[in-house]
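Protein chains in written order, with the working numbering: chain A, 1 to 132; chain B, 1 to 132; chain C, 1 to 132.
The set of hints was computed from the structure by calculation and includes no laboratory data. Among the clues, some could well be false.
As the list claims (entries may be wrong) - Estimated spans, in silico, between C-beta atoms of each pair:
1) C/Val77 <-> A/Arg64: 15 to 25 Å
2) C/His99 <-> A/Glu65: 40 to 50 Å
3) C/Asp23 <-> B/Asp16: 19 to 29 Å
Ideal Cβ positions, reconstructed from N, Cα and C, are used throughout, including at glycine.
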Amino acid sequence: MKTITLSTAQPTELLDITNELHDAVAEAGIQEGVCSVFCLHTTSCIIVNEHEPGLKQDFETVVRELLPQAAYRHDCVDNNARSHLTAGIVGCNLMIPVHQGRLVLGTWQSVFFVELDGPRPRRSVAVQVIPS
Amino acid sequence: MKTITLSTAQPTELLDITNELHDAVAEAGIQEGVCSVFCLHTTSCIIVNEHEPGLKQDFETVVRELLPQAAYRHDCVDNNARSHLTAGIVGCNLMIPVHQGRLVLGTWQSVFFVELDGPRPRRSVAVQVIPS
Amino acid sequence: MKTITLSTAQPTELLDITNELHDAVAEAGIQEGVCSVFCLHTTSCIIVNEHEPGLKQDFETVVRELLPQAAYRHDCVDNNARSHLTAGIVGCNLMIPVHQGRLVLGTWQSVFFVELDGPRPRRSVAVQVIPS
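Using the sequences and the hints, build the whole thing.
As structure tokens, this is what we get:
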């Protein structure tokens, strides 16, 4: 298991981790299988989409406002309930095909870590390659 | 393949299944790989988040109200369209890293079965450990 | 790795791919493991739910309207921001158990490819079977 570590600079921020995943697959030396990507936090998530600057900003707006601002109970414990709830719904993991030793993504697909409660100095994503 | 069986007591209810997953990984005896968690229903789902009682209630409220109450066609067949639609969007499966024979979760991560159309006497979740 | 190819006829459309997945599992000849389903596009996604005609239409309505129509930045590049954003949130991949050489789905579960920016002549879904 490899761990990718990231730091985030904004409250809500998409960080492209596709290159780190390509590197992890190359290092693993597995020809056929799947690459497991698992975000180790409860206020951040993982998505796949096109890496276009305007769309990246659109995603940041959409995930920030996906759920209503409301009187959440968890906000009495820690003022980040909406970040937790959004992360739970969007999802923390992803399995990507590996074929002929390379990650298989569609033409427009990139993989993003999504910060929902930043900035944070250290965020971690577990990466593994599972052979088929 | 192991099956975890659950019963639910409320229309909408989060049940923490993290301990059952730890047990399944220990039983499997696999050191490195991923644990597959797959909910076998169309009106329940699986999420990862912090186990804090207020947040659990917040999640129950949020998933109950995620989609608008509307004149869904499926409600003429069975009056649970919104449960089906929410389950489809949130997702029924999860792959969690296994490292050194143990499930790898972040400090605040627990795994929850989410009932969206309860109470139900018997719900099932398939669990497998896949070696890397 | 096998690729399922599809063509879509509507802007928003659910296509049931369960039979294609059953075939892929039978061809793979693997008795125990998981079937990986990965949609290779950024304006379509994968969901699991019941195959009931009214519910299929309900899903098409719900995913079309899940996010607000707004002044998205990506619409200046290509007029399909809402399709991208919805696809990112719903998710592009799924891992389904394989037991005794067969795909394990609950009684009411079918797997759907969800077109969010159609019609399109060629859509692709990567399918693999990973042994446990």
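Evaluated hints:
Distance hint for C/Val77 and A/Arg64: a CB-CB separation of about 21 Å, consistent with the stated range 15 to 25 Å. Checked against the given bound of 40 to 50 Å, the beta carbons of C/His99 and A/Glu65, roughly 41 Å apart, stay inside it. About 37 Å separates the C-beta atoms of C/Asp23 and B/Asp16, a value inconsistent with the hinted range of 19 to 29 Å.
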